[in-house]
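Participant: Each protein sequence line maps, in turn, to chains A and B.
Once you know that position 63 of the first sequence is 63 in our numbering, the rest is easy, because the numbers rise by one and skip nothing.
Once you know that position 58 of the second sequence is 58 in our numbering, the rest is easy, because the numbers rise by one and skip nothing.
Keep in mind that a hint or two might mislead.
Claimed, not checked - Far from chain A by the CB rule (all over 12 Å, computed), these chain B residues: (1) Asn52; (2) Ser66; (3) Thr76.
As the list claims (entries may be wrong) - The following label-pair restraints were derived from C-beta to C-beta distances: (4) B:Ser73 with A:Asn66: 37 to 45 Å; (5) B:Leu113 with A:Pro14: 32 to 40 Å; (6) B:Asp56 with A:Leu46: 17 to 25 Å; (7) B:Asn71 with A:Gly95: 18 to 26 Å; (8) B:Glu18 with A:Gly16: 47 to 55 Å; (9) A:Ile107 with B:Arg9: 42 to 50 Å; (10) B:Glu83 with A:Ser20: 22 to 30 Å; (11) B:Glu18 with A:Asn53: 43 to 51 Å; (12) A:Pro10 with B:Pro81: 33 to 41 Å; (13) A:Gln70 with B:Pro81: 17 to 25 Å.
Unchecked claim - Each computed PhoX-like pair below joins lysine-lysine, with the alpha-carbon atoms no more than 25 Å apart: (14) B:Lys78 with B:Lys24; (15) B:Lys24 with A:Lys42; (16) A:Lys67 with A:Lys2; (17) B:Lys78 with A:Lys56; (18) B:Lys24 with B:Lys68; (19) B:Lys68 with B:Lys78.
In case anyone wonders, no lab produced these hints; they're calculated from the structure.
Because the structure is a prediction, the values reported are computed rather than measured.
The C-beta atom is built at its ideal place from N, Cα and C for all residues, glycine as well.
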Amino acid sequence: QKEVEQNSGPLSVPEGAIASLNCTYSDRGSQSFFWYRQYSGKSPELIMSIYSNGDKEDGRFTAQLNKASQYVSLLIRDSQPSDSATYLCAVTRLGYIPTFGRGTSLIVHP
Amino acid sequence: DAGVIQSPRHEVTEMGQEVTLRCKPISGHDYLFWYRQTMMRGLELLIYFNNNVPIDDSGMPEDRFSAKMPNASFSTLKIQPSEPRDSAVYFCASSGAGGAEETQYFGPGTRLLVL
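Kindly produce the complete structure, drawing on both the sequences and the hints.
Facilitator: As structure tokens, this is what we get:
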């Protein structure tokens with residue numbers, strides 16, 4: 001059984017700080033990693049995908065992947081109250097549908 | 001593209017009634033997924049289709065749940081009879097022809113309340 005684990009939180013950070021969200025996975029053969037953001041009462045939307053070890057940056061967001069340690073993280077720099085949401089990690093390999101974690105709730109307070 | 005379309009957006013029904021949820025995937029997408037989300041259990045995959053064919057329905061809770069995809073642009077999830085424990089948000093998602101591992105695009109969801 002493929003498992004994706006996330007701390008449910010909530011993770012509370014002050015505005016302007018760096019928020020660090022972590023995700024671990026059990027399938028060592030995983031190849032594709034996604035971060036979705038879900039605002040309260042809304043549907044999940046993709047914000048980042050990463051496929052290779054290392055960092056991938058997109059604006060204030062950085063995804064970090066370490067396949068040897070089987071974790072993927074999402075860093076949000078200069079956090080804003082509008083970043084307050086639940087962040088879902090999804091992991092998969094070629095030919096398989098993604099497995100979603102339970103999500104981490106992030107609260108950015110002014 | 002309008003994205004994934006779901007209807008109804010909200011549904012309130014009484015225990016024992018039949019509920020039908022509808023989904024129109026993004027045009028050209030080959031995969032369609034039905035999820036259920038609750039606070040207790042998170043996002044659960046119920047069933048998914050590839051080219052209108054059900055591939056994995058192991059997540060369907062019990063025989064009261066059924067799903068169909070009669071064509072590439074329409075799918076239904078039916079609950080009969082409904083029970084209070086079915087109350088949840090039901091999401092439909094679709095993804096492209098790149099493979100099952102591709103990015104999924106979610107619809108707005110249907111909030112179901114069974115009294």
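Participant: Hint by hint, note whether the structure agrees.
Facilitator: Here is what the structure says about each hint:
1. Asn52: holds, 16 Å
2. Ser66: holds, 20 Å
3. Thr76: The claim holds: B:Thr76 sits with its nearest Cβ about 19 Å from chain A, beyond 12 Å.
4. B:Ser73 with A:Asn66: 37 to 45 Å: holds, 41 Å
5. B:Leu113 with A:Pro14: 32 to 40 Å: holds, 36 Å
6. B:Asp56 with A:Leu46: 17 to 25 Å: holds, 22 Å
7. B:Asn71 with A:Gly95: 18 to 26 Å: Given range 18 to 26 Å: holds, Cβ gap about 25 Å.
8. B:Glu18 with A:Gly16: 47 to 55 Å: The hinted range 47 to 55 Å holds for B:Glu18 and A:Gly16, with Cβ atoms some 51 Å apart.
9. A:Ile107 with B:Arg9: 42 to 50 Å: Violated, since A:Ile107 and B:Arg9 (Cβ atoms, about 26 Å apart) do not stay within the stated range.
10. B:Glu83 with A:Ser20: 22 to 30 Å: Violated - the Cβ-Cβ distance for B:Glu83 and A:Ser20, about 40 Å, lies outside 22 to 30 Å.
11. B:Glu18 with A:Asn53: 43 to 51 Å: Holds: the Cβ-Cβ distance is about 50 Å, inside 43 to 51 Å.
12. A:Pro10 with B:Pro81: 33 to 41 Å: holds, 37 Å
13. A:Gln70 with B:Pro81: 17 to 25 Å: violated, 43 Å
14. B:Lys78 with B:Lys24: Status holds; Cα separation ~15 Å.
15. B:Lys24 with A:Lys42: Holds: B:Lys24 and A:Lys42 sit about 18 Å apart, inside 25 Å.
16. A:Lys67 with A:Lys2: Holds, at roughly 15 Å.
17. B:Lys78 with A:Lys56: The hint is violated at about 41 Å.
18. B:Lys24 with B:Lys68: Distance of about 12 Å is within 25 Å: holds.
19. B:Lys68 with B:Lys78: holds, 9 Å
Checked against the numbered hints given earlier, this structure breaks hints 9, 10, 13 and 17; the rest are met.
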